Each structure stands twice: as structure tokens, then as C-alpha cells.
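**Q** Got chain X; can you put chain A on it based on the hints?
There are 2 protein chains.
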Amino acid sequence: MDQSKTQTNLPELLVINPSPVFIIHQQQFSQKFKLLKAYESPLSTDLFLQTNAQSTKALICYGKSPVTTNILNLLPSLQLVVTASTGFNHIDLDKCRSRGIAVANTRDVFSEDTADIGVGLLIDVLRKISAGDRFVRSGNWTANIQYPLGSQLGGKHVGIVGLGNIGLKVATRLEAFGCKISYNSRQKKPVPYNFYPNVGALASNCNVLVICCILSVETRHMIDKDVLKALGKDGILINVARGPIVDEKELVNFLAEGEIAGAGLDVFENEPKVPQELYSLDNVVLTPHRAAFTEEAFSSAFQIILANLEAFFSNKPLISPV
Amino acid sequence: MDQSKTQTNLPELLVINPSPVFIIHQQQFSQKFKLLKAYESPLSTDLFLQTNAQSTKALICYGKSPVTTNILNLLPSLQLVVTASTGFNHIDLDKCRSRGIAVANTRDVFSEDTADIGVGLLIDVLRKISAGDRFVRSGNWTANIQYPLGSQLGGKHVGIVGLGNIGLKVATRLEAFGCKISYNSRQKKPVPYNFYPNVGALASNCNVLVICCILSVETRHMIDKDVLKALGKDGILINVARGPIVDEKELVNFLAEGEIAGAGLDVFENEPKVPQELYSLDNVVLTPHRAAFTEEAFSSAFQIILANLEAFFSNKPLISPV
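Protein sequences appear in the order of chains X and A. Mind the numbering: the first sequence is residues 0 to 321 in numbering that gives the first Met the number 0, read in order. Mind the numbering: the second sequence is residues 0 to 321 in numbering that gives the first Met the number 0, read in order.
Be careful, since some hints might not be right.
Intra- or inter-copy, both count: the list cannot distinguish identical chains.
[What the hints assert, rightly or not] Quick list of in silico lysine to aspartate or glutamate cross-link-like pairs, EDC-like style, CA-CA up to 20 Å:
#1 Lys179 with Glu295
#2 Lys155 with Glu295
#3 Lys232 with Glu294
#4 Lys155 with Asp107
Calculated directly from the structure, the hints in this document are not laboratory data. Since this is a predicted model, take the numbers as computed values, not measurements.
Bound conformation, chain X alone (with noise of 0.2 Å):
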């Protein structure tokens, strides 16, 4: 098969910057759709959509690809955004509604994955996992070198800031294991765990604290000093959430102070920067911003997304409109 021959009759599908899910999958959707790479052109992006997007129809994204009004101005003939991802507070959803551009997201399926990341390092930290991990590939076990207790999951108070998805899921896997919970949100849910109105309050009267909500002006360094002061010498930080929510600076010298006893990080304020303190520091675990990424969820996200640009180009209902 001509394979540059059947491209040329396929639809065509803008990619301004390749979501990870996007990289993985290039070559599945290089077989369905004619891809307008911004990203691989000499041209500036507004240059490249001016010169070869002015008949596209579709555009997928992501969170660090927005979809901003500027770039909706440039596109004239677009009628399908799809995002390659849950959360959709990176395109001008407003416009897209003016302008009758259908909107798309991947439904919810990072959250349980996002929720086992948060669980696996909240075990990791009580229970020093990976700093055994560096124990024993260092040889010191084997040297008799003595190691010290890890700390009981089941028992712990652990406070869900932030309880949609992810933070419901997060809060029935630690139910399973003997936690309490609790939670702060926006507004009390009908679910069986005490609310509190105000994070710092949460944090007082919890052992744990696992950051699950969105990033926002509100979130924004919610977790603040005051916040990890009331955490307390024996209180654990998880952030599965973004970056941004805590005051990193704050976070690491309440850390090397010994102000706090542990962190689980998925998540960093300038990533993929993550601050070289921490690097030395037997009570944190640091991971790369992996909460959403295992096979079967890109697998699935993809699976969405090809369902709804299929849909959309059939002329049928979309999987899954936001």
C-alpha cells in the first residue's frame, strides 16, 4: 500500500505539541489521520496555522498544549477540539461554545491510577521502601548496618485535600488498609468522612496529608507554611495533585528541618526541576510525574480519542463531550 498516497485522502489532525499520550500512539493515529505537526515545523506556531491549518477541522491537545483564544482566531474552519486528557481548564472552552467547536476529554481514566500512585508512596514513606531499596543495593544490609522501624499505615488519620476522583478513589483504597479519613473541599459531600471547611484545620488533626485537588488561583501554594506547621514533626506529605499547590520552598525546608517527617512527591512546582535538597533526604520519595502513566490508561485515553475524532468525521455523536 502507498502509504504517502492513502495519507493525502485521510482526514486531517492537528497536533500543536504532542501530548505523551500523542507520542506513544503517533504511529496509530499517523495511520488514520493526515498530522499537521506544528511542533516538527520550522514556522512559529501562529505562522504554521496561518500557512497549513486554515481548512483543519480537528485538533488534539493537552494540559501543557493550550488551546487559548489567540489560537481558536487562527484556526477558522476548526469544529472539533480533543484533548488528550481528563481536565479541560486549558482550552477556551467560552469560545469553543461561541464559535460551536465541539469539545472532547479522555473521560476519567487516569484517576485510579493517579490514586494507586498516592498510596504507593504514602506506604513508601511510612514504611521506607525505597530507602531500603538504597540500603540494601548499597551493600549495608549485608554489612550488618542497623536500619530503623518504619511507621503503621492502618490507624493513621490521612486528610484528603481536594475529594473528586482521584481523592474518592484514594480514600476507599486507605479505608482498606485501616486509615481514618477526612477531607477538605469546596463544599461538603454525602460521604462518610468528616469535612473540614479549612485545610489548616485538616491538617492539625491529621497524621497524613494527601494533595488530590485541581490548581487554581485558590490552590495555588494552599499548602503553605502554616499548613505544614500544622502537619506537624510526625505529619507525611503526599501531592499527586500539581506542583504548585505547595509552597516548595516552604516543603523543603520544612523537610531538611525535620519540621515534617516525610513527603511522597509525584509532583513538583518547576518540573521537570525538582530541588537538589531533597536529593539527599531519607524520608522523601521522588518520582517523575507518573501518576496517570501506565500502559493500559494511555491504551484507554487513546482508544477515547480515536472514538471521537472517528465519530466526529462520520458525522455521529461524540464518546465523550465536555
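**A** For chain A alone, coordinates are given in the frame of chain X:
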């Protein structure tokens, strides 16, 4: 208060070799008992017992400090053996029974923590938490080096080998993550999980094996070449039971050759020796036999041991006789 004078009035407690729980709570024991420490004496154990322990009524032991017929024969006044463990097959129970020596254990204080380590190791292997932590600390993330996808815990078919206290707790925890549970055990149990009378068949039908059984003549090297082959290239082995249940040499070969996908190991055949071939593998997580090592479990164990000893010396019924 004159400590030395007080000590002489305290009841005697014989310690042939100190358990981790005894070491951590040694000071508290020494406030309540006159400790006879065979392990600190220049005398051989036999000679120490013959010289210093002829009137000793109580002994504290643990798995690595067995109470054999020989030891019992050297202790004519012994009336109580307390073990700092749940298991007691290191104690010659028949001989104790025939001599009227009471035996007490620490109840089931370690099984929750052991189950937690089992789940923590599994999440870690699937989601590459320890490897991710190494990746971040090495600066590779900041250098924008790509990191592979993990594998989803939800939907995995997990086979529990040995459905006792620990195995059951691993099962209920993993159910909360959306895993499907099967098990192998000496006999079928009244549980809602698939029973496989044969561990090879269990391995063939599962993505993950979690070893939770006791070490016995029957279970030594039960996880052999055939079982690992049945587990297969995508399979993961977790061992929180005892090292010799697995043929470690075969396991190392299977891991090095990619014939199974990964392993989380808290126990090894010749602890604290760990096969050096494992040190360079990113798909294994190695912890230094820490499954039961939390402050809370050790404190609970100490309280139960103390309660048994105090009951014995005041002629009250033991708290946890076996």
C-alpha cells in the same frame, strides 16, 4: 533509687539471643526484670545456662533464637517461654507440654504491617516508584531523559500463595484497587476467591504471585523454575514470607533474562546476603526484611510480652497462651 539493688529483687528473665523487639524495648524490660543475657556472656550458651539459669522460670525467644530440647533440658526450673513473634515453630512445643512449661506468643500483631509491605512492593514494582526515585535523584529527569510507562494495578489477577492472616489481608487490600484474587492453600477456604490446589496452575492464571505462606519442608523452594515459567514474561513475584520458599538462584536467572517481568522481595534465602545480580536491575524492589518492622507493631508486641510475663509472675492466666 538504687537501680542495682532494685534489679536483684526483680524476677529473672532469660534472653539467649535478643529479638529485634527485645532490643528496641530493652530498657523497659530491664526496669521490670533481672535480665540474664546469655549472648553477652563469654561462656558458651550451654555453660551459661548451667551456671546462671538453673533457677530461671521465664525465657524470651524469637524465630532466630530457637528453644530446642537441648535448651529445655538445661533449664530445670523453666515454667514459661514467651516468643516475640506470632509463629512458634522454633519452640519444641511437645517437650514444653510434657514438662508443663507454658508458651505465649505476640498474637497477630505483625500481619497488617506485613500485608501493607506486600501491597507496597507490588505498587512499587508495577508503577516503578523506587526506580523512579532513583531516576529523579540521579538528575536524569532534569536532563529530560524519557522514562518508561508503568503497568496498572487495577484489573490485575493476583494469586495469593498461602491464605492465612497475612494472605487474607493482602487480598482485601488488593480488592480495593480492583484486582481479581485467587489463591493456593493447603485446603479450600470459605472465601469468595478462586482456589487453585496447585501453585503452578495459580501462576499460569495470574499476573502476580504474592507469597504469604509459612516456610516448611513442603514449601521450601516451592516457587521453582516451573512455577516461574508458569508465571511468565509479564508476571511479577512478591515475597513477604520467607526467602527459602523461592528458589532464589532460579529467580535471579528469570529476572536477569526477562523471563518474568519483575519482583518485590522483602526476604531472601541467605539474609542479609542478597544476590548481587539484583542490584543493577530496575524491575526489582529489595527491602531488608522489614515487613513487620514498625514502631507500632513492636510496641504492641512489647505490651503483649510484658502482659504475659506480669500475668505469669503474679500467678494470673496468660494473655496469649499457645
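**Q** Next, verify each hint and record whether it holds.
**A** Hints and how they fare:
| no. | hint | verdict |
| --- | --- | --- |
| 1 | Lys179 with Glu295 | between (30 Å within a copy, 16 Å between copies) |
| 2 | Lys155 with Glu295 | between (31 Å within a copy, 11 Å between copies) |
| 3 | Lys232 with Glu294 | between (38 Å within a copy, 16 Å between copies) |
| 4 | Lys155 with Asp107 | between (28 Å within a copy, 19 Å between copies) |
Of the numbered hints listed earlier, not one is contradicted by the structure.
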